[in-house]
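Colleague: Given the structure of chain S, go ahead and fit chain F with the ligands onto it with the hints provided.
Listed here are the chains, written in short residue letters.
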Amino acid sequence: MTMAQIQSAPTETRHAPAPAVFELIEVEQVFAVPKPGRGLLSRDTVGLRALDGVRLTVRQGASIALVGESGSGKSTLLRVLLGLDAPSGGRALYRGKPIREARAHGTAFARDVAMVYQDARGSLDPRMTVGQLIAEPLRHFGIVPKSGEAARVAELIDRVGLPRDAANRYPSGLSGGQVRRVAIARALASEPSVLVADEAVSGLDVSTQAQLLTLLQGLQRDMGLTLVFITHDLGVASYLCEEIAIMYLGRIVETGPTDAVLEAPAHPYSAALRAAAPQFFEPIPEPLPGEIPSPLDLPKGCRFSSRCPAARDDCRLRDPQLGALDAGRAVACLHPLTSKGAQTPEIR
Amino acid sequence: MNDMTSHPVTTQDAAEPILRLEGLTVHRGAAKILDRVSLSLGRGETLALVGESGAGKSTIATALMRLLDGARVEGRAELDGAGDLLALPERRMVRLRGSRLSMIFQDAGSALNPSYTVGRQLTTTLRRTLGLSRAEARAKAVELFTSVGINDPDGRMSAFPHQLSGGMQQRVMVAIALAGNPDLLLADEPTSALDVTIQAQIVRLILAQTRARGASCIFVLHDLALASQSCDRIVVLYAGQVVESGPSREVLERSRHPYTRQLKSCVLEIGSKDLTAPEGTVPPHSEMPVGCRFATRCPRALPRCAGEAPPLVPARDDATGPLDHQFACWNPE
Ligand SMILES: Nc1ncnc2c1ncn2[C@@H]1O[C@H](COP(=O)(O)OP(=O)(O)OP(=O)(O)O)[C@@H](O)[C@H]1O
Ligand SMILES: Nc1ncnc2c1ncn2[C@@H]1O[C@H](COP(=O)(O)OP(=O)(O)O)[C@@H](O)[C@H]1O
Ligand code: SF4
Ligand code: SF4
Ligand SMILES: [Mg+2]
Ligand SMILES: [Mg+2]
Numbered sequence: 001m002t003m004a005q006i007q008s009a010p011t012e013t014r015h016a017p018a019p020a021v022f023e024l025i026e027v028e029q030v031f032a033v034p035k036p037g038r039g040l041l042s043r044d045t046v047g048l049r050a051l052d053g054v055r056l057t058v059r060q061g062a063s064i065a066l067v068g069e070s071g072s073g074k075s076t077l078l079r080v081l082l083g084l085d086a087p088s089g090g091r092a093l094y095r096g097k098p099i100r101e102a103r104a105h106g107t108a109f110a111r112d113v114a115m116v117y118q119d120a121r122g123s124l125d126p127r128m129t130v131g132q133l134i135a136e137p138l139r140h141f142g143i144v145p146k147s148g149e150a151a152r153v154a155e156l157i158d159r160v161g162l163p164r165d166a167a168n169r170y171p172s173g174l175s176g177g178q179v180r181r182v183a184i185a186r187a188l189a190s191e192p193s194v195l196v197a198d199e200a201v202s203g204l205d206v207s208t209q210a211q212l213l214t215l216l217q218g219l220q221r222d223m224g225l226t227l228v229f230i231t232h233d234l235g236v237a238s239y240l241c242e243e244i245a246i247m248y249l250g251r252i253v254e255t256g257p258t259d260a261v262l263e264a265p266a267h268p269y270s271a272a273l274r275a276a277a278p279q280f281f282e283p284i285p286e287p288l289p290g291e292i293p294s295p296l297d298l299p300k301g302c303r304f305s306s307r308c309p310a311a312r313d314d315c316r317l318r319d320p321q322l323g324a325l326d327a328g329r330a331v332a333c334l335h336p337l338t339s340k341g342a343q344t345p346e347i348r
Numbered sequence: 001m002n003d004m005t006s007h008p009v010t011t012q013d014a015a016e017p018i019l020r021l022e023g024l025t026v027h028r029g030a031a032k033i034l035d036r037v038s039l040s041l042g043r044g045e046t047l048a049l050v051g052e053s054g055a056g057k058s059t060i061a062t063a064l065m066r067l068l069d070g071a072r073v074e075g076r077a078e079l080d081g082a083g084d085l086l087a088l089p090e091r092r093m094v095r096l097r098g099s100r101l102s103m104i105f106q107d108a109g110s111a112l113n114p115s116y117t118v119g120r121q122l123t124t125t126l127r128r129t130l131g132l133s134r135a136e137a138r139a140k141a142v143e144l145f146t147s148v149g150i151n152d153p154d155g156r157m158s159a160f161p162h163q164l165s166g167g168m169q170q171r172v173m174v175a176i177a178l179a180g181n182p183d184l185l186l187a188d189e190p191t192s193a194l195d196v197t198i199q200a201q202i203v204r205l206i207l208a209q210t211r212a213r214g215a216s217c218i219f220v221l222h223d224l225a226l227a228s229q230s231c232d233r234i235v236v237l238y239a240g241q242v243v244e245s246g247p248s249r250e251v252l253e254r255s256r257h258p259y260t261r262q263l264k265s266c267v268l269e270i271g272s273k274d275l276t277a278p279e280g281t282v283p284p285h286s287e288m289p290v291g292c293r294f295a296t297r298c299p300r301a302l303p304r305c306a307g308e309a310p311p312l313v314p315a316r317d318d319a320t321g322p323l324d325h326q327f328a329c330w331n332p333e
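For the protein sequence lines, the chains are S and F, in the order given. Residue numbering for the first sequence follows full-length UniProt numbering, beginning at 1 and increasing consecutively. Residue numbering for the second sequence follows full-length UniProt numbering, beginning at 1 and increasing consecutively.
Here chain S stands alone, though its shape is the one from the complex (with noise of 0.2 Å):
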């Protein structure tokens, strides 16, 4: 069997979207920290909002890039879609069912749902050769019998680029490119529908990552792969991504068809990291003021309204849901900036 015939596409009625995937409903994720000021070990503990209020929807086949910055809620939401943590609060459902139930039981939630980390050096075993690292979830998950793992290793070795003879080496003989190709080749031996990605291809060469996400574009045309993929770079959610999410201090700000967003963000916030990007021989626009604020002293009203350049009055007094655009765009804006068909977004 070749990995074609293994990951048939997602079959498609016309009409009808595509069956989510994931789904979020309101979800928080409340952590308790020791209050400021107090030391780690102080009892006085506070609630940290990493994730407030988040919607989202993930469909068979599609590929959703999440975007923010450090600290905006990225890696705890991956968590909750991988079921490693439950959320505090709010729904998180895998085709239809809680995540955390999927994963309990069985291993179809862990074949079907497959993980990149963004340290992919640090995930692998470096006393296990390339070889024996891919066999580990073939075997794991009992995908081809005894007889036939050398040959799948061997495709799969193939598949991501890697020389032929990688089997026999370990990943400390191997550059960073290598490494993550060798964590995909991983990921991708349980034969998963979607793959979720944690800045699979930052801190490497612009030509190193210009080979990975063709790769990885390739692989989620070919395969039908359902994609989320953690980035700061516009670039390569513009180039890999389908769908764009925005995040600001734990809520999705800012949804929609990538280009769309990008042509004509919505969220002030949005447009900030849009004009932020560097493009060659622009001038380096003004940059936001200030810092990201603390999830534990959130700025009253609107979460952004502490750097907001198009703030006003009320934003200080009312906090914006996501709430529905149009075109498949969704802002948590109360002054977004397309007024085209803008609905009044729902207020808490």
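Certain hints may be false.
Examples of chain F residues lying across from chain S (beta carbon under 8 Å, computed) [to be verified]: (1) 106; (2) 229; (3) 230.
Stretch by stretch, here's where chain S covers chain F in the computed footprint (C-beta under 8 Å, at least three residues) [to be verified]: (4) 108 to 116; (5) 276 to 289.
Calculated directly from the structure, the hints in this document are not laboratory data. Where is the CB? At the ideal position from N, CA and C, for every residue including glycine.
Modeller: Positioned in the frame of chain S, the structure of chain F with the ligands alone reads:
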């Protein structure tokens, strides 16, 4: 230089560069990590060093600071008025570091000492480089923190590095690097660990501060677009050699070296949907071609390329000096 009207550098500055680096070669064991790297930096100019990981960008900056360990270094690095940085006795280098040239590292978190407050780290530098008293140093430190955009500078003086965000730590590093009023600043990927909005803040800060002081700056950058936005000139390195250099616009818009073109084609601009990934990787030092080091991956390679090293030549007939557009290739674009 007709394209460069918006930039402060004129051809006249070329006459007296602040830094003239010639034939910098660095050996580590059998490997030649840098191979006859030459470059000049005009006064008040910003220059970007770009190239893949392992190309030798940090090695150049570290060699200029004379902080390279366990390597054999050849060549000359003439810093205006100070002599050859590569040959000065260490006691003179100690005095130059911080006062004539200083360096900002990629990872501010680990460049700062975790056991001292950031205020103490800044005042120590101020007292050493400017010979200030304790009280003077403190006043000056508060002033510097303000100028690099740190809110509540008095309060932040007593913060330890881990209590600050990555962006704030990098601002502290900028303040420390500028403390002794150096006229050459080396910034090694000062923003690659930061988010885009913070990155824009820090790059603007470094440019504004160096311009206000008339200082020159060498930026090590991964991002060609960011280099075009922030630097007057660009030097492209491949496997330890300069393959192309010159005014940013000429290097990027009239690239002659196939490697420069390849680097450019990997930049993803927002909205761009096609990307052709280059083949292969940089060969290990043990397998480096004796001629053009790019020969193993070059789409334009000729039979002579792998055996004969191409010299750097001017891109235009009317070139006048080392600041003009140059490239090293037998079969240029
Ligand atoms: N301490 C060291 N010991 C041995 N080799 C080293 C050492 N430091 C650097 N090298 C080698 O020297 C070459 C140049 O490294 P350098 O760090 O200057 O590259 P760079 O261009 O700054 O790369 P990056 O973009 O990854 O920072 C590489 O081949 C690297 O492996
Ligand atoms: N296990 C945890 N305990 C306490 N706080 C946490 C924990 N994980 C994340 N946080 C906090 O939650 C917020 C979001 O973090 P994270 O999801 O890692 O953001 P991102 O991935 O976007 O950088 C941050 O303020 C972070 O410090
Ligand atoms: S609600 Fe107001 S403060 Fe918030 S993003 Fe919109 S305009 Fe800015
Ligand atoms: S010298 Fe030859 S191999 Fe090297 S870049 Fe030019 S054409 Fe390519
Ligand atoms: Mg993260
Ligand atoms: Mg480096």
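Colleague: Next, verify each hint and record whether it holds.
Modeller: Hints, one by one, checked against the model:
1. With a least beta-carbon distance of about 10 Å to chain S, the hint placing residue 106 of chain F at the interface is violated under the 8 Å criterion.
2. Because the closest C-beta pair between residue 229 of chain F and chain S is about 5 Å apart, less than 8 Å, the hint holds.
3. Because the beta carbon of residue 230 of chain F sits about 7 Å from the nearest beta carbon in chain S, less than 8 Å, this interface hint is met.
4. For the stretch 108 to 116 of chain F, the proposed coverage by chain S is not satisfied: 0 residues have a C-beta within less than 8 Å of a C-beta in that chain, short of the threshold of three.
5. Counting residues of the stretch 276 to 289 of chain F whose beta-carbon sits less than 8 Å from any beta-carbon of chain S gives 4, enough to reach three: the coverage restraint holds.
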